[in-house]
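There are 2 protein chains.
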Amino acid sequence: MSESEGYTPPRVWTWDQESGGRFAKINRPIAGPTHDKELPVGKHPFQLYSLATPNGVKATIMLEELLAMGHKEAEYDAWLIDISEGNQFSSGFVKINPNSKIPAMVDHSTDTPTRVFESGSILLYLAEKFGALLPTEHHKRTEAMNWLFWQMGSAPFLGGGFGHFYAYAPEKMEYPINRFAMEVKRQLDVLNRHLADNEYMAGDEYSIADVAIYPWYGALVKGVLYEAAEFLSVHEYTHVVRWAEQVLERPAVRRGQMVNRAWGEPARQLHERHDADDFNTQTQDKIGESPE
Amino acid sequence: MSESEGYTPPRVWTWDQESGGRFAKINRPIAGPTHDKELPVGKHPFQLYSLATPNGVKATIMLEELLAMGHKEAEYDAWLIDISEGNQFSSGFVKINPNSKIPAMVDHSTDTPTRVFESGSILLYLAEKFGALLPTEHHKRTEAMNWLFWQMGSAPFLGGGFGHFYAYAPEKMEYPINRFAMEVKRQLDVLNRHLADNEYMAGDEYSIADVAIYPWYGALVKGVLYEAAEFLSVHEYTHVVRWAEQVLERPAVRRGQMVNRAWGEPARQLHERHDADDFNTQTQDKIGESPE
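If you read the sequences in order, they're chains L and P. When we follow my numbering, the leftmost residue of the first sequence carries the number 1, and every step to the right adds one. When we follow my numbering, the leftmost residue of the second sequence carries the number 1001, and every step to the right adds one.
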């Protein structure tokens, strides 16, 4: 497991099932289902199968935003997918997302159910379906899309790169940590310069670009990802901090972050969500606090 | 530079400008321009600033496909951005893509010019503008979007992860190579299972999902990325190989791969493209061959 100097890769890579650290059971070199199990289906138009990771909460924030605007047709059931238990490899889950990643969603309001996977695809699908959180003016809409795609292509360097090597890998390796720390700081600076001149990512309107970027980069500057605030000097990105605090003030953002949350403070966990009343009084008292 | 065992990250990350290997001049922890220089602007509606990397050729393949369909309004000038020379950090480039990555495009056919950046955003922008390569039927369109976003979130593990550590990093490190090889093989298996049952990514129609995925995963199984074909046993992904060969038969794909290409065989390079005639007789003779 240690990084011996002079390592030479084999001619053909083979799967060593003992490697992989704490993610050995999650990461596999093969796709497809590992077991037969259908997904539950509730009463609402949208069925979400997810977990409150940064990618997961994009979908729940969006659905809560739509409901807060009065779009009753955006009612949803959110089912917990425990990725540490391999729920994403069930036959039912693979049918709606062959990539076995959360979040995945099914729209039962269409003539036949429509599967939607990839968090960015879910955000755009809902924005177009409800005509919400996507500017209609051409330049602003294009800008929202530019930044939505920016998030999709950039966050893997934060999550799959920096976060993995800084927080999760079985040992600390200097080169990968350095490589990904540099890139994440560059990304934060890109956002910081943009948010110095813009209230939100697409300009003066809150949009799906903010919903996509906040759970990763907003959480990072608020110190709730990877305990890396000091290491990355996140306080220097003052405009990102300003924007993150502004986004976090939205009740839908606070509710969205609780859904399918199965760790941390019990009062901030809502393992499944099937009704607006599921955010009960006890948890409502707590959601004014910053996320962990 | 070597991976000493027991490495402990410092409390605060700082920039060591000597590190970074062959990408030391490309990778920076800060955004924004490094020098003042405006971008050239040609006569056509679309101005593309790019390089023939996998992300770059997505845009040129798309524009060539549109022209092949007869959309004369898709005419474009393609200008070379030499990233090894830092062209992406010019004031002009940063104005149209604050993220300093190719490809970036400006649409001059709108009332005021519209900047479009991120390859996925460019593909969707052009598909919507011309009503092309995006299915109109709801389920198929959603599926094309799912896979378009899948590519954006997955390829960083191939390019920024596997490719970097396997081919470019200053020394070979076992853990990162292993981690990213496993993920790339999983992604190839996701595609392989999907393409076993589908002619193209979104079903029976060639779409922007194929245009997005081919330059990365098609090139990988054809052995032209990172010299990793044997290491990753790409021949096992027979359905991906079948699909890649089918996509490569398209003349627009072959032309698109030549534009802004500044390395390899001279006859397959077209540093800038300002007119359909720029693909001259000499290069036409060559584009029937597989890409390097």
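Be careful, since some hints might not be right.
Stated by the list, open to error - Straight-line alpha carbon distances no greater than 20 Å define the calculated EDC-like cross-link-like pairs of lysine to aspartate or glutamate that follow: (1) P:K1140 - L:E128; (2) P:K1043 - P:D1197; (3) L:K172 - P:D1277; (4) L:K95 - P:E1272; (5) L:K95 - L:E73; (6) P:K1129 - P:D1016; (7) L:K25 - P:E1183.
What the hints assert, rightly or not - Covered stretches of chain L (chain P as the covering partner; in silico rule of three or more C-beta atoms under 8 Å from a C-beta of chain P): (8) 7-13; (9) 136-144; (10) 152-165; (11) 188-201; (12) 209-221; (13) 254-265.
To be verified - One side only, chain P facing chain L, incomplete, derived with CB under 7 Å: (14) T1014; (15) P1033; (16) S1121; (17) T1136; (18) H1139; (19) P1176; (20) A1196; (21) Y1206; (22) Y1226; (23) E1230.
These are calculated hints, taken from the structure and not from any lab test. It should be emphasised that the depicted structure is a prediction, and the values quoted were computed from it without experimental measurement. Glycine included, each C-beta is placed from N, C-alpha and C at the ideal position.
Against the structure, the hints:
1. P:K1140 - L:E128: Given that 20 Å is the threshold and the Cα spacing comes to 15 Å, the pair holds.
2. P:K1043 - P:D1197: violated, 44 Å
3. L:K172 - P:D1277: violated, 54 Å
4. L:K95 - P:E1272: With Cα atoms ~44 Å apart, K95 (chain L) and E1272 (chain P) exceed 20 Å; violated.
5. L:K95 - L:E73: violated, 24 Å
6. P:K1129 - P:D1016: violated, 45 Å
7. L:K25 - P:E1183: Distance ~13 Å between K25 (chain L) and E1183 (chain P) Cα, so the pair holds.
8. 7-13: holds (count 7)
9. 136-144: Coverage by chain P holds here, the residue count being 4 at a Cβ distance below 8 Å.
10. 152-165: Three-residue rule met by the stretch 152-165 of chain L, so holds; n is 10.
11. 188-201: holds (count 5)
12. 209-221: violated (count 0)
13. 254-265: violated (count 0)
14. T1014: Since the shortest Cβ distance to chain L is 9 Å, the answer is violated.
15. P1033: With a closest approach of 10 Å, the P1033 (chain P) hint is violated.
16. S1121: holds, 4 Å
17. T1136: violated, 13 Å
18. H1139: holds, 6 Å
19. P1176: Holds, about 5 Å.
20. A1196: Violated, because the Cβ-Cβ distance from A1196 (chain P) to chain L comes to roughly 11 Å (cut-off 7 Å).
21. Y1206: violated, 19 Å
22. Y1226: At 11 Å from the nearest chain L Cβ, Y1226 (chain P) fails the 7 Å test, so the hint is violated.
23. E1230: At 6 Å from the nearest chain L Cβ, E1230 (chain P) passes the 7 Å test, so the hint holds.
The structure fails hints 2, 3, 4, 5, 6, 12, 13, 14, 15, 17, 20, 21, 22 (numbered hints given earlier, in ascending order).
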